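Input sequences plus hints: build the corresponding full structure.
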Amino acid sequence: MNDDRIIELEIKAAYQEDLLQALNKIVSEQQQQIQRLESTCQLLNERIKSVSTEGMGNDASVDEVPPHY
235 MNDDRIIELE
245 IKAAYQEDLL
255 QALNKIVSEQ
265 QQQIQRLEST
275 CQLLNERIKS
285 VSTEGMGNDA
295 SVDEVPPHY
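Numbering (the numbering used here), first residue to last: 235 to 303.
Keep in mind the hints are simulated off the structure, nothing from the lab.
It should be emphasised that the depicted structure is a prediction, and the values quoted were computed from it without experimental measurement.
Hints may contain errors.
[To be verified] Beta-carbon label-pair distances, calculated as ranges:
| hint | residue 1 | residue 2 | range |
| --- | --- | --- | --- |
| 1 | Lys246 | Glu280 | 46 to 54 Å |
| 2 | Ala247 | Glu280 | 36 to 44 Å |
| 3 | Ile260 | Val285 | 51 to 59 Å |
| 4 | Lys246 | Ile282 | 49 to 57 Å |
Positions of the beta carbon are idealized from the N, C-alpha and C atoms, including for glycine.
Listed below in structure tokens is the structure:
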């Protein structure tokens, strides 16, 4: 009976090791995806800023009150 218990514990440990490796792989893939998304967001923010500054012209102010106020 003692041998059966040891074998059962070894099987559980092997399954846990496989699960841990699978989870590590998933976390690594997610980290790479997060880095790509952050890079994309940064590029989009820069593009939005450049488009908004181009559209405003040289003399326009962001906080300028519209003429009807």
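Here is how each hint holds up against the structure:
no., hint, result
1, Lys246 to Glu280: 46 to 54 Å, "holds, 51 Å"
2, Ala247 to Glu280: 36 to 44 Å, "violated, 50 Å"
3, Ile260 to Val285: 51 to 59 Å, "violated, 37 Å"
4, Lys246 to Ile282: 49 to 57 Å, "holds, 52 Å"
Figure legend: structure checked against the earlier numbered hints; hints not met, in rising order: 2 and 3.
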